[in-house]
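Using the hints provided, position chain B relative to the given structure of chain A.
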Amino acid sequence: MIIILFIRKPVASRSIVETSKSEHYRGERFPVHRNFSEAGSIGGRHSMSTSDGPLIEIRPAGLYCPAGDFYVDPIEAVPYAVISHGHADHARPGHQHYLASSLCAPILKARLGTAIDVQSLAYGEPVLRNGVRLSLHPAGHILGSAQVRIEHAGRVWVVTGDFKQHADPTCLPFEPVRCHGLIMESTFGLPVFRWPAPGQVLNQINQWWAHNRREQQPSLLFAYSLGKAQRILSGIEAIGPIYLHGAVAAVNQVYARAGIVLPAALPVGAKSEPHEFSGALIVAPPIADHSVWTRRFKKAERAYASGWMQIRGNRRRRSLDRGFVLSDHADWDGLLAAVSASQAEEVWVTHGFDSELVRYLNERGCRAKTFTLPYPGETDED
Amino acid sequence: MQAFTDLFTELDKTTGTHRKLAALTAYLRQAPPADAAWAVYFLMGRRPRRAVKSRTLAQWAAEEAEIPGWLFEACYHNVGDLAETIALLLPPSTASTQAPLHIWIEERLLKLAALDEPTQKEIMLSAWQHMDTTQRLVWNKLITGGFRIGVSQRLMTRALASVSGTEPALIAHRLMGEWTPSPDFYHALIARKDSAGAHSRPYPFFLAHPITQPLEILGDPQEWLAEWKWDGIRAQLIKRNAQVFIWSRGEEMVTAAFPELTAAAHFLPDGCVLDGEIVAWRESEPLGFGVLQRRLGRKRADTRIMEAAPVVLMAYDLLEYAGTDIRQKSLEKRRDLLEGIATAVAAHPIRLSPLVPAVNWEALNAAMRDARARGVEGLILKRRCSAYQAGRRRGDWWKWKVDPYRIDAVLIYAQPGHGRRSGLYTDYTFAVWQDGVLVPIAKAYSGLTDEEIRQVDRFVRANTVERYGPVRAVKAELVFELAFEGIQRSTRHKSGIAVRFPRIARWRKDKTPQTADTLETIKQLSD
Chain A
10 MIIILFIRKP VASRSIVETS KSEHYRGERF PVHRNFSEAG SIGGRHSMST SDGPLIEIRP
70 AGLYCPAGDF YVDPIEAVPY AVISHGHADH ARPGHQHYLA SSLCAPILKA RLGTAIDVQS
130 LAYGEPVLRN GVRLSLHPAG HILGSAQVRI EHAGRVWVVT GDFKQHADPT CLPFEPVRCH
190 GLIMESTFGL PVFRWPAPGQ VLNQINQWWA HNRREQQPSL LFAYSLGKAQ RILSGIEAIG
250 PIYLHGAVAA VNQVYARAGI VLPAALPVGA KSEPHEFSGA LIVAPPIADH SVWTRRFKKA
310 ERAYASGWMQ IRGNRRRRSL DRGFVLSDHA DWDGLLAAVS ASQAEEVWVT HGFDSELVRY
370 LNERGCRAKT FTLPYPGETD ED
Chain B
14 MQAFTDLFTE LDKTTGTHRK LAALTAYLRQ APPADAAWAV YFLMGRRPRR AVKSRTLAQW
74 AAEEAEIPGW LFEACYHNVG DLAETIALLL PPSTASTQAP LHIWIEERLL KLAALDEPTQ
134 KEIMLSAWQH MDTTQRLVWN KLITGGFRIG VSQRLMTRAL ASVSGTEPAL IAHRLMGEWT
194 PSPDFYHALI ARKDSAGAHS RPYPFFLAHP ITQPLEILGD PQEWLAEWKW DGIRAQLIKR
254 NAQVFIWSRG EEMVTAAFPE LTAAAHFLPD GCVLDGEIVA WRESEPLGFG VLQRRLGRKR
314 ADTRIMEAAP VVLMAYDLLE YAGTDIRQKS LEKRRDLLEG IATAVAAHPI RLSPLVPAVN
374 WEALNAAMRD ARARGVEGLI LKRRCSAYQA GRRRGDWWKW KVDPYRIDAV LIYAQPGHGR
434 RSGLYTDYTF AVWQDGVLVP IAKAYSGLTD EEIRQVDRFV RANTVERYGP VRAVKAELVF
494 ELAFEGIQRS TRHKSGIAVR FPRIARWRKD KTPQTADTLE TIKQLSD
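If you read the protein sequences in the order shown, they are chains A and B. First residue of the first sequence: 10, per our numbering; consecutive thereafter. First residue of the second sequence: 14, per our numbering; consecutive thereafter.
Since the hints were derived computationally from the structure, they do not count as laboratory data. Here the structure is a predicted model, which is why all the values come from computation and not from measurement. There's no promise every hint is true.
Stated by the list, open to error - Straight-line C-alpha distance at most 27 Å; calculated DSS-like pairs for lysine-lysine:
1. A:Lys308 to B:Lys26
2. A:Lys378 to B:Lys488
3. A:Lys307 to B:Lys26
4. B:Lys456 to B:Lys524
The shape of chain A in the complex, shown without the other chains (with noise of 0.2 Å):
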């Protein structure tokens, strides 16, 4: 009876079955395994038995378990979706249950509406849906951000979201999980892009604000609005008072709430005198940038923050005054390190240089190919 009241109204009934909600979630769909004492833990491969075949296939929804009969981060509406994390071409809206991180789920509230019925886990905490074993573990990219472990008849397989190892105080360190077959991501999947130490980049954009304050600018720096603007507002000094764009300032709602310590600032209000933010630090998302809203900040220095400002061409081609190397993304070390922790046996590239680091990986002996998922084009954020 509940069952079916569920399925029919899922939103409606969650009041009534408030109680064994929670069971039901587990018990119909994600269900905890309580018999893993070692739940969570990294599998051995030695422990593993060696029934063949990938636990993933490409469909053009996305990413399918067929064993679990769920997708990861699918691009259209499908009835499970298991989320690596908020960003918009990951977290799509119109799937009927999505499943995620507990740090991410508020994410995917804000953005997709409270309506949406998401099931949260804990890093670490298993679930159990048909017989197949799902986790997920910190992936390092943003807050809630996670690798999507699933493990079923002795093999395990890690679907890594977009990840990074570098420090980011606004998330859970990267965790290497090992497995048999790894589904990652190659956004900067060349050797020019090796990252400097954030700390640095984060000095850097200091002395470019301290500067920018003595010369009575305004200081505006693009930064992705989930996730980069919040590792950078929680690294920034005090310089001078901080204005956001609406996009950001409602995620740092969110990050908030998750006990992100961000610091004071102020929301670009539609009748601001120009003089309030000659030296002020103005965070907004890139695609503000050349909008009417940025052209308020006279005599604004211009600056971005993403992994493709390592390149010249990419900030000479925005005519920014400033690009800092700073992703959310690893770099090629990280890539490289990522593959050699999880000691897979078989690595599928997506999104990004896939060929090229498909090609080295192969060239190295390790057994990798390339896939395509129908993405409206790539983007270039980060």
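Chain B only, in chain A's frame:
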């Protein structure tokens, strides 16, 4: 080296002319003349003969970075700049050099060319070891050439004038022609008074601005002279001390390539400088740029090539007469003097570029309709009272080009661009139909807005059907209107024709690939 590296970083950081100027003057004020001379030389785009081949540099860098050659290539195609690719790939360094710029150049760089490859390699590796990442980038650029950080000749002239108080025009003139960077040169460059010598030095060229509105905006036709715009190369012919020098607009000395012009200059008076266009010409007709091209890029011309591709200099201005700079005289006066000289060489390959009679604007519009048939590119309009200025200035000289040919073609291949456009797919190959198949017709790199480039870039990434190294073959879907100046038969091109100066006129979002032009219609355009 560090001061120059800082200057490079400052120039690279900003797009504003004022900031660039401030950075340049700050550098020139503190730099020793030996360094300043080299800074001027390199920033103005000059470079010594390439000492090490790009391929060799790439190979050494790949070895140092411990990556395979193909991966280096892939990086290069993404970064779009060899010097930068190498700097990014070399293992990180904690060193930093304190040696001045001219020591690195004179003691290392200039000596490289004469050394054998193992010694060259030793020097390069040692240089990289002594430098931090930005110094490596600058050092690599000194070797590969091409700083391209927005320092125009005019900007450099302004900076030098500002630190020395010397007239910008005088500095601009001293920067022309061939010179060797040295403290002596630098002192002479910024000196208030001119020193003797440099009799081969050309004047800065005065360039016409394109006119985009009807001729009527120029006012009274009586105030203007009109000439044909020849399809050749702009050149100055100098005769001083009984010696002849011919300079191209790219400030390349091309005297040896045109012995017939040097011979004809025998009949010119000493102490004169002619400005004009070298055009391939037989009897009474131009032969087209394609023929002239056979004369370019060779050190010397033999009788065979002079027969096959004869040239004339169509002279249209006189900059120096009887050893005196007459650039400040009116065009009318200069033209009078030029006509006087030209009669002396009338039958020779130095000719007076005729005026196009301009009783009224309608007459010129009519002449323009005739331009393509005459084998000229259009008209040049010059104000009768104008002085000969330096660089491209609005107001006194206008160029009016004939409308280009236009076709609709389909995007079939894309490749990442370089410099400012690195990492974006900006270099395109277009095709037209022949017997139901798309055949490549032209490559084009320019003409789209930044936003359109981003859109095409996204299309390319999402619609790649095959990859050949950095080149992506894409789904035949997008149609563009291409404009170009001329059509030539070519055996080197699959389509059998080559088009001159193709560029993208606009994106035809309203057209489907099926409606693009056919090779047959394009061939008919030129007939």
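27 Å Cα cutoff - pair Lys378 (chain A), Lys488 (chain B): Between Lys378 (chain A) and Lys488 (chain B) the Cα gap is close to 23 Å, so the pair holds against 27 Å.
Straight-line alpha-carbon gap Lys308 (chain A) to Lys26 (chain B), limit 27 Å: Roughly 16 Å separates the two Cα atoms, so the pair holds.
Restraint check for Lys307 (chain A) with Lys26 (chain B), where alpha carbons must lie at most 27 Å apart: Answer holds: Lys307 (chain A) to Lys26 (chain B) is near 19 Å, not above 27 Å.
Pair hint Lys456 (chain B) and Lys524 (chain B), alpha-carbon separation not exceeding 27 Å: Cα-Cα ~20 Å, so holds.
Every hint from the earlier list agrees with this structure, and none is contradicted.
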